[in-house]
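**Student:** Let the hints inform the model, and build the full structure from the sequences given.
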Amino acid sequence: MTDLIDENTYPASQLEENSTFLSLNVNVGIVKTDTELSVEHGEIETANTYLVVRIDIARDKVWLINHEKPPTFPFSTSYKDLLNAIDDNTLELIEVHQDLRAYMALDDLSEKGRKKALERYEVIKPLLDNYDDLFMNHRTGDLILKTIKESNRSAQFVYDVLNAYFYYGQRIAALALPIGKSIHAESKAKNKTPKKLGRPNIYGDEGKALVEYDLKAMDYAYRRYNVKNGPTMEQAHEKMLINFYRLKKVKLSKQEQLIAGRKYKYEFRLPTEYPSINQLRRHFDKKGDGLIPVRDRNRSNDIDRKKDRAGRTGNAHVECNAFGQVFEIDETPLDEELVSIWDVTRTRKIGKATLYFVVDRFTKYIVAVYITTENPSFNTIRQAILLAATDKTEFLESLGFNSGEISWQYYGVPSVIFVDNAEFKNKVSEGAVFDLQTTIKFARPGRGDDKPNVEKMFDSFSKVFRGISKAHQTKSISDISAQLARKHACLTIRELYIIAVIFINYRNNTHLVKDFPKDQSMLLDNVEAVPAKLCEWSEIYRPGYVVEYPKHELYRKLMPKGEVSVHREGIHLLQKGLRYNCDYMLASGYQDQKLNRNKAYRFPCRYSESLVDFIYIDTPDGLQIAELDSRDRRFLGMSFYEVRLLKIQEKKEARTHEHNERGYRAYLTNTLESFINRANSMKQDSPMPDISTIKENRYFESMVNRFSDVHLYLQAINDSIDNEDEDIEDDED
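Going letter by letter, the sequence shown gives residues 4 to 736 in our numbering.
Check before you lean on any hint, since a few could be wrong.
Stated by the list, open to error - In silico EDC-like cross-links for lysine to aspartate or glutamate, where the CA-CA straight-line distance does not exceed 16 angstroms:
{"id": "1", "residue 1": "Lys252", "residue 2": "Glu241"}
{"id": "2", "residue 1": "Lys251", "residue 2": "Glu397"}
{"id": "3", "residue 1": "Lys521", "residue 2": "Glu531"}
{"id": "4", "residue 1": "Lys554", "residue 2": "Glu397"}
{"id": "5", "residue 1": "Lys654", "residue 2": "Asp635"}
{"id": "6", "residue 1": "Lys219", "residue 2": "Glu276"}
{"id": "7", "residue 1": "Lys490", "residue 2": "Asp338"}
{"id": "8", "residue 1": "Lys251", "residue 2": "Glu241"}
{"id": "9", "residue 1": "Lys242", "residue 2": "Glu259"}
{"id": "10", "residue 1": "Lys64", "residue 2": "Glu125"}
{"id": "11", "residue 1": "Lys355", "residue 2": "Glu377"}
{"id": "12", "residue 1": "Lys654", "residue 2": "Glu664"}
{"id": "13", "residue 1": "Lys257", "residue 2": "Glu397"}
{"id": "14", "residue 1": "Lys579", "residue 2": "Glu645"}
{"id": "15", "residue 1": "Lys242", "residue 2": "Glu270"}
{"id": "16", "residue 1": "Lys251", "residue 2": "Glu270"}
{"id": "17", "residue 1": "Lys152", "residue 2": "Glu125"}
{"id": "18", "residue 1": "Lys564", "residue 2": "Glu612"}
Rather than coming from a laboratory, the hints here were simulated on the basis of the structure.
Keep in mind it's a predicted model, so treat the numbers as computed, not measured.
**Tutor:** Printed below as a string of structure tokens:
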């Protein structure tokens with residue numbers, strides 16, 4: 004006995020094995036076209052799959068059934084709209100695989116399965132003889148109601164059998180399979196055949212002679228590959244196969260999904276009909292002219308590439324030929340853990356210090372060092388510049404060095420200062436940049452070769468501690484997680500300064516700079532490549548690149564720059580929220596209110612981050628001092644950072660107090676309303692009195708206060724007389 008339906012109802016792939024492309028027919032699957040998300044995620048999103056059940060071109064209708072959920076009766080849509088969506092590549096046709104048992108002939112089924120399939124088929128057979136009535140009136144038509152009544156089965160059973168018949172591709176043998184909600188039920192027992200792990204050891208033929216279509220496909224793969232955090236070359240190859248060399252996309256049956264572990268499978272052309280992975284790799288190499296770094300240039304962040312992998316010119320010394328022509332300034336956290344100088348037990352940890360070095364590019368002479376626990380800012384870098392531009396005698400004496408013990412005699416403001424972008428590229432530092440006779444140059448992001456000498460100096464100084472100090476942070480992950488360096492911290496910033504000065508004395512006066520690029524004149528003068536001797540030679544034969552300022556004048560020029568607005572009630576320091584008073588501004592009339600009240604004079608100013616008590620305003624008559632207003636006197640003696648912290652604390656307290664205050668304000672408002680309502684209820688209508696009557700009424704009301712005052716006056720006199728009588732009695736006793 005064979006199946007009872009015509010073989011034309013089978014999928015196209017079973018009728019014509021050599022068919023490559025599908026057409027819109029019964030039992031063909033429809034799914035939304037794959038939507039590619041960002042290649043960084045590597046995700047592919049598809050919608051539900053629908054199976055074509057019936058096509059009625061005359062009525063412009065196509066009936067579809069959802070193949071992802073427990074089947075319900077097919078729904079209809081426009082045939083023309085569906086064709087347009089397929090032509091627009093919004094939808095695509097796929098082959099849908101059913102359970103393998105659905106393709107069996109009835110004779111091949113077991114006796115029990117064949118009996119079940121035929122019994123179910125007999126229930127719905129009257130419906131299948133009249134498709135027009137069934138599909139046009141499947142719920143309310145007489146045909147379906149009559150069939151349910153004659154079958155002596157429930158309506159749900161009849162619908163489950165009918166929907167399963169369409170779901171399985173209109174195959175009678177498939178009715179032996181689960182129906183209704185059981186179609187998508189997970190099997191409790193799964194017998195998976197384990198697969199052998201590892202790669203095969205026999206290779207077949209692969210690759211092809213490339214044509215223009217293949218080059219276009221490989222260019223597509225390269226565009227996917229050569230992006231930031233892009234896919235691997237193997238993933239790009241797979242994506243190329245999916246988009247250019249795919250024969251069909253197949254939705255697997257539930258049984259196949261359990262075995263394969265995926266919902267869809269792709270069928271590609273033979274390995275000899277598409278480019279192999281090795282051909283794709285060679286194509287990628289051609290994009291970089293055979294150089295892998297050029298090929299993969301866009302796969303990483305541009306700054307990281309320039310910092311870690313980009314080539315270096317190695318000629319930073321060429322533009323300098325004298326001391327003071329260019330100073331390099333940079334900072335880095337030193338790997339040495341420190342303790343507080345104020346704790347004699349050395350148990351208060353302060354972490355790592357930030358170390359600043361100022362190095363002359365030509366001579367490699369260390370001009371200054373600055374150590375701090377503050378975050379890098381213009382306030383810290385100006386301290387380093389101040390040390391680099393002034394005599395070190397007082398600084399060395401503060402560290403306990405005797406006069407002449409350390410030779411550190413070369414200093415000044417250079418012609419060019421090479422710095423990072425962060426510290427100097429802001430309005431606060433503009434004044435200092437323009438007031439000094441120097442030029443600021445900014446290093447390119449991630450380009451350590453812009454400041455090669457100072458970058459190497461950090462590593463040289465760090466090597467002094469390695470193997471000697473247990474408080475020096477290593478690269479070991481276990482040591483970092485155990486915080487061994489912080490546990491052994493014992494040095495203070497002052498002691499670190501002393502070690503740094505001794506290191507600088509060695510580097511400046513003893514260390515021989517290897518491979519120093521001497522020119523002909525230096526060779527003739529037999530100049531030794533020691534930084535201090537190079538500075539001495541440069542001061543004699545190539546002077547004029549450094550400018551020396553008095554220390555206090557230099558400090559004023561390096562003060563941060565701000566802006567003040569002048570108002571009638573005082574002077575406001577913008578972006579800081581503090582108020583000041585200036586006698587010059589008041590006497591000059593700048594504080595007088597203008598006709599346009601919204602407009603105020605603005606002047607640049609200088610201030611110290613460490614003290615808010617006074618600032619200097621840059622006026623046409625020079626710098627004029629402005630003192631902190633009495634309204635902000637609570638900030639006297641503080642730094643701007645401390646003021647900011649105090650204001651934050653005050654704002655928090657104000658919000659807390661405001662929350663508590665709302666209850667009292669609500670009580671006040673409620674009491675006021677109750678008194679007003681009570682008074683209005685007692686009030687009687689009366690004519691409006693004139694002003695003389697109101698004055699008489701006011702005088703009458705004031706009599707209450709007068710009588711109260713007379714009472715207090717007489718009581719005070721009476722108490723005074725009683726006290727005098729008591730004093731007389733005490734004297735007589």
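**Student:** Okay, which hints does this one fail, numbers in order?
**Tutor:** 2, 9, 10, 13
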